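Peer 1: Chains as they are written, first to last, in my numbering: chain A, 765 to 1103; chain B, 30 to 292.
Hint data in this document are derived by calculation from the structure and do not stem from the laboratory. Small disclaimer: the values here were computed from a predicted structure and weren't measured. Heads up, the beta-carbon is just placed ideally off N, CA and C, and yes, glycines get one too. Take these hints with a grain of salt, some might be off.
[As the list claims (entries may be wrong)] Stretches of chain B that chain A covers, calculated by requiring three or more beta carbons in the stretch to come under 8 angstroms of a beta carbon on chain A: (1) 178–191; (2) 196–206; (3) 229–240.
[Unchecked claim] Mimicking SDA-like on lysine to any residue, the simulated pairs with C-alpha atoms at most 20 angstroms apart in a straight line are: (4) B:K241 / B:D109; (5) A:K1101 / A:P1091; (6) B:K139 / B:K180; (7) A:K824 / B:E192; (8) A:K1027 / A:K1068; (9) B:K289 / A:C1062; (10) B:K182 / A:I968; (11) B:K245 / A:F887; (12) A:K1068 / B:D275.
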Amino acid sequence: EEDIPQIDKNKWKGICVYVDHVEGNIHPVTFELIGKARELASKINHPVYAVFIGENIKDKAEEILHYGVDEVFLYDNKELVDFRIEPYTACFEDFINKIKPSIILVGATTVGRSLAPRVAARFRTGLTADCTVLDVKENTDLVQIRPAFGGNIMAQINTPNTRPQLATVRYKVMSAPQRNDEKSGKITLMDIEKEKLNSNIEVISVTKKEKEVSISDAEVIIACGRGVKSQKDFEMIKELCDLIGAQIAVTRPLIEAGWADAKRQIGLSGRTVKPKLIITCGISGAVQFTAGMRGSDCIIAINKDEKAPIFNVAHYGIVGDLYEVLPRLIEKIKVSKGA
Amino acid sequence: MDILVLIKQVPGTNKVEVDEKTGVLKRDGVDSKMNPYDLYALETALRIKQNKGGKISVLSMGPPQAESIIKEAYMMGADDGALLSDRKFAGADVLATSYTLSQGIKKIGKADLIICGKQTTDGDTAQVGPEIAEFLGIPHVANVRKIIEIKEKSIVVEMDMPETVEIVDIKFPCLITVEKDIFQPRLPSYKKKLETKDREIKVFSLKDFDDKNEKKYGLNGSPTQVERIFPPSVNNDKEIWQGNSDELTEKLYKKLKDLKFIQ
Ligand SMILES: Cc1cc2nc3c(=O)[nH]c(=O)nc-3n(C[C@H](O)[C@H](O)[C@@H](O)COP(=O)(O)OP(=O)(O)OC[C@H]3O[C@@H](n4cnc5c(N)ncnc54)[C@H](O)[C@@H]3O)c2cc1C
Ligand SMILES: Cc1cc2nc3c(=O)[nH]c(=O)nc-3n(C[C@H](O)[C@H](O)[C@H](O)COP(=O)(O)OP(=O)(O)OC[C@H]3O[C@@H](n4cnc5c(N)ncnc54)[C@H](O)[C@@H]3O)c2cc1C
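Input sequences plus hints: build the corresponding full structure.
Peer 2: Encoded structure:
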């Protein structure tokens, strides 16, 4: 290539996390990203920032100070009460121009996936989607690793000659830091011209969806695949769930069979989960499934086929028949509980 | 009403090869198809046209063989189609792709509503729609799961958020990306195939654009670089248990107890 001018990376400092929220309720992916940002920042000796855009969010910003950020930049205006793309992008632009962060991490939520690309395009810089691993080089280049082609390929992506560098990360991929009792860091209120907050979008209504138990938040999951022969066998699985405090989840074929609600599907076209324990029962371990659960702390797989690919991701693999093992396990637990 | 649908050609399977040196996909000789999510975008346009009239154009960026998905769109009912194709566009990341498409959109003329799929099955970023909207300077709404009303100067849609559903009214011109299942896509029709077999597909290259600066397109215009591609890791730190059912159950029970999942 001909001589492309190189940018001065020293002019860009700080690792920033976008505070994802709806009506001031901060999405937990935000804290996970703050944890990651802190880890990266310590390698290159940069500060950790958060940018928080909304209305009446001062109190909520205080909460962020319990998670180890150096500075929260606050855009608090009545035009920002609901997420609308133009004013939110304008605030982000204002922040970047004034603070010049090197790296920006955004949760891959509905809002984040809409906002981050818009900001990246405005600054003609790179944005890497759905990163599963992040690291940083000495020269402040962000090392971004992400799956593509339905998880069949991992790509390591670099943004070598533009700043800021943007990346999105799905919920439950990184780990949230412990909340400190003490606060640290400070809150800085940012000013922005009113004209920049105009929008061609009008929010007519925001309705809460019915609160549902989300498998994304479960600490223990029992996941069933096609090795479970009929819907009525869920009774046995549910009994085990009750005994160990687990949520039930399924692979896509069981959703297609109409055996469970689509919200219980794990995988690429379902939810990502990161429980402390997942027990997979009669699941082969297709990449589209494992893409949604490989980050789990402990994976126990039960499958009668010793060649099943699920055993490549499992920490403990049980080569056996679930109809033999699970009833015995249920009995044992019941006995131990004295029931 | 003028509706523009953006469609991408993707590999027919998920098993694809990557050029080790550039990290760019080897697309030659790979069986390909229309990005399945774009079928929902096209169907949405067709339903709007059924109710409100108007014209549906489709636009794609890709190698010459991507004409086949434009033909497919004709068979489903699109009126008009164009392909942006030039060696100089090759190796584009999201930014360069979106910029190229936005230049193409300016070339083919005004659209009131631009509809994109939610994501593709290859690059899989879901970023192209919002970036195009930025380059065109128009509002966008992503993850639309329902069209509620088409008004004279705006469209009212339902957006799916993690814990809420938002109903928003967006003024034209605007861009939306639609969720799958917004409408069930129709199949290509044989009758339409015959009707449209000679229909023109316009092809534009860099020389047709307002901005002819080569540095903004293809690999040169891409701020992200794929440094390496590798298969997902396997976990080597594992135990495999075999034996009779009683032994297996005993081991499992003990493990759950050690890990404190059973008190
Ligand atoms: C392994 C791998 C990882 C990658 N990761 C990244 C990354 O993180 N960041 C990055 O910037 N680039 C990345 N790329 C490059 C990027 O995926 C594509 O090159 C880019 O051209 C299109 O992005 P997409 O396929 O993700 O489209 P999406 O953003 O998922 O597509 C959304 C919608 O935009 C429209 N659309 C997209 N492309 C076209 C087109 N060519 N013609 C017409 N309409 C279209 C369609 O309506 C589609 O439904 C990656 C490529 C590979 C092979
Ligand atoms: C674009 C795309 C997206 C997809 N997204 C998802 C997704 O999000 N989530 C998802 O799950 N899938 C998804 N899939 C489907 C995926 O490819 C697999 O088809 C699916 O995960 C297989 O489900 P399974 O493991 O339940 O079934 P199977 O693959 O049929 O496996 C059943 C397993 O049960 C074992 N078994 C049978 N009987 C017993 C017994 N008595 N005891 C113990 N073991 C037994 C068998 O040995 C076998 O390994 C997607 C596919 C595509 C193409």
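Peer 1: Determine for every hint whether it applies to the structure shown.
Peer 2: We went through each hint and held it up to the structure:
Counting residues of the segment 178–191 of chain B whose beta carbon lies closer than 8 angstroms to any beta carbon of chain A gives 5, which reaches the threshold of three, so the coverage claim holds. Under a criterion of three residues with beta carbons nearer than 8 angstroms to beta carbons of chain A, the stated coverage of the segment 196–206 of chain B is upheld, 6 such residues being counted. Evaluation of the coverage hint for the segment 229–240 of chain B: breached, as 0 residues show C-beta separations to chain A shorter than 8 angstroms, against a requirement of three. Pair hint B:K241 plus B:D109 does not hold up; C-alpha atoms about 25 angstroms apart against a cutoff of 20 angstroms.
Of the supplied pair hints, the one linking A:K1101 and A:P1091 holds, its CA atoms being roughly 15 angstroms apart against a limit of 20 angstroms. About 18 angstroms separates the Cα atoms of B:K139 and B:K180, which keeps this hinted pair within 20 angstroms; it holds. A distance of roughly 18 angstroms separates the Cα atoms of A:K824 and B:E192; the hinted pair therefore holds under the 20 angstroms criterion. With a CA separation close to 27 angstroms, the supplied pair A:K1027 and A:K1068 exceeds the 20 angstroms bound.
Using a Cα cut-off of 20 angstroms, the hinted pair B:K289 and A:C1062 holds, with the two alpha carbons roughly 12 angstroms apart. In summary, the hint linking B:K182 to A:I968 is supported, as the alpha carbons are separated by about 16 angstroms, within the 20 angstroms threshold. A threshold of 20 angstroms between alpha carbons decides the hint, and for B:K245 with A:F887 the separation of about 13 angstroms falls inside it, so the pair holds. For the given pair, A:K1068 sits about 15 angstroms from B:D275 by alpha-carbon distance, which is consistent with the 20 angstroms threshold.
Checked against the numbered hints given earlier, the structure breaks hints 3, 4, 8 and satisfies all the rest.
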